[in-house]
Amino acid sequence: MLPAYGLHMVDVAIVGAGQTKYGNHQLGMKGMWAEAARCAFDSVDKDFYPKQIDEAFIGSVAFGGGQLGNTAALLTEHSGMQGKPVRRVENACASSGFALRDAWMAIKSGQADVVVAGGIEKMNDLTPERKRYWLGVSGDTEWERLAGLTFPGTYALMARRYFHEFDSTHDDLVHISVKNHHHGLENNVAHIRKDVSFDKAKSGFMVADPLTLYDCCPTSDGASCVILAADHVVKQYTDDPVWINASAAASDYLALHDRPSITQLLATQIAAKKAYSMAGMTAKDIDLAEVHDCFTIAELLATEDLGFANRGEAGLFAREGRGRRNEGDVCINPSGGLKSKGHPLGATGTGQTVEIFKQLRGEVESVRQVKDAEVALSHNVGGSGATCAVHVYGREK
Amino acid sequence: MQVTRMWQGYLIQSNGDNHFINSPWKLGNECVFGYDSDYTTMAISLIRLLSIEKSSISLSSIDEKINQQTIIAATQIEFDPSGYHIKCNDDASLQVYLHEELVFDLAFDNMQGIDEEKYIKISNAWQEESNIMNTSQGAYVSGQQYDQTLESRLSLVAQNHQGIIWPQRQMDSEGTYITKSFIKIKPFGTVTSWTRLSAAGAPSEFAVRAPILGGISSVMVETSDGPNGVFLLVDDIPTSPKIGDSVEIVVRMLYAQEGVVRYGTKAIITNQS
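Protein chains in written order, with our numbering: chain A, 1 to 397; chain B, 1 to 273.
Certain hints may be false.
What the hints assert, rightly or not - Just a few of them, taken from the derived set where beta-carbon distance is under 8 Å, the chain A residues facing chain B:
1. Glu129
2. Gly136
3. Ala230
What the hints assert, rightly or not - To spell it out: a stretch of chain A is covered by chain B in this simulated footprint if at least three of its residues, at any positions, have a beta carbon under 8 Å from a beta carbon of chain B; those stretches are:
4. 142 to 150
5. 194 to 207
Keep in mind the hints are simulated off the structure, nothing from the lab. For each residue, glycine too, the CB sits at the ideal point set by N, CA and C.
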């Protein structure tokens, strides 16, 4: 009899992971991808060659339209993978979260033993005008965009409503911003590495009322790459794998106005519930979580949707610092999250996995290490919550 | 002297079968359009009023300055040789009459002076936007896509399928195809959330005018018939919305591209909570 979720014939591990620094890159797409792939290849403990890869899934929004078609083929030929079956995966900001899930399923299905999941986005080589066009392509264009809404606007609507329904104010978002900036301070690959005071974050330039600049992630360039292997070949590559113990995903209405509630993301709730069930765990078992904080309100909502706080209590959770590294219940965004580490759309999902791979193997900068980290979760959201991929990782399978 | 009344952000005077609508804004002694109004939006507003006050109305002729497709989509008005005529004036006013045009005087006492510098900048911005070469390079609502949802957008045409559905959908959550039905939701509702976007946060369709306006405001509205929607606030009535405010949904210019003005629905705060 099959288990409740997924195919359990093969277990899947991460044997290598790497990424570029996030930020304003001088490298083009080919160069960034090659760098991320090389970092991932070099991170494999034993001998590894690109020819051992069976398949690759590359997440990208193809920002700017420079390479909308055949992105994956173009990039992977620059990392020694020519001849392999490759494809681009697109689900807005959740593109590489879904690429990771596709790679996981390719191994689960028995069709592949070694699969690459990665992501890339080059965003800072565009004029501000063209950049703004592309920052609004993943909502319900026909209705939301014509109502003046880009993502700062849609998340601002969620924030304002949340404050109205629950005991929460913008100060709670400021706490999240301060925490994530602090977590990212010593992260060598983070886009914005600076501590921010509460007062400074509170008084930032208003982007979309009530969200200020300090509530919004930066526009980043970057690439990330992880190498997955089936359990029967893992030993060829490492004695210290990180296991993907659950992969789940869900979707929701694209437009905010079609959803019954805008103070919770249904796709996250569904994906999290499936992932916990598959892993045989609950939110209480998670030591660290890379959470999709494209805006601080997104982290606040995810804190509830992922089960770290009860409904309506994420503001209190933030105020009490329960997501801080080595101080709270669970370390939320030890990398600095999208807010500090950065958000190169298509690269973000597998970038979260790179952080988790290193955290669980004790390989991050010592000051950033989450103590006794055994179990981790990644949460990658597309747009204003219409798509979501949740993965649970462990030192043990 | 005619009685002047405010309707959907415009001033209305009536005398028998003659009806006069004008912008509430003046520049010196001239009546000028608000920042997102034109003859088409004012004509729609007046026809809607007449449709409410009279059992049925039809049109005999429309001034060429008015976008006929938009008028029909927004009001579903039909044409009949015995119907009304719409004639635009040289300023920001127009008249709807049945037989013979009367002379109406502008009710200057009820009008407000407009910020001249801002007015000129906005007028120039609309000209720039309306250039045939101006088009989106990314997210893009094509002419065909815009036209397909025009009735739903402008006159809030909805579906009745186990409850009222708006905007219209192809299938319900069970995968059942929803047949096209013609009901309209009432253009009233309550603000459930709102934001004001800085010029930098606004979509690029609004990039030319948003800096002049000092940003744009959007509201999420629960309509009185149930469905939710998101709308811009009208550009020429400065308001700080609050959750719980009552709104009326009206037609205004949204933006222009490829030489065509795109019209849509915006919200006017009618009763602050």
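How the hints compare with the structure:
no., hint, result
1, Glu129, "holds (6 Å)"
2, Gly136, "holds (5 Å)"
3, Ala230, "violated (36 Å)"
4, 142 to 150, "holds (count 9)"
5, 194 to 207, "holds (count 3)"
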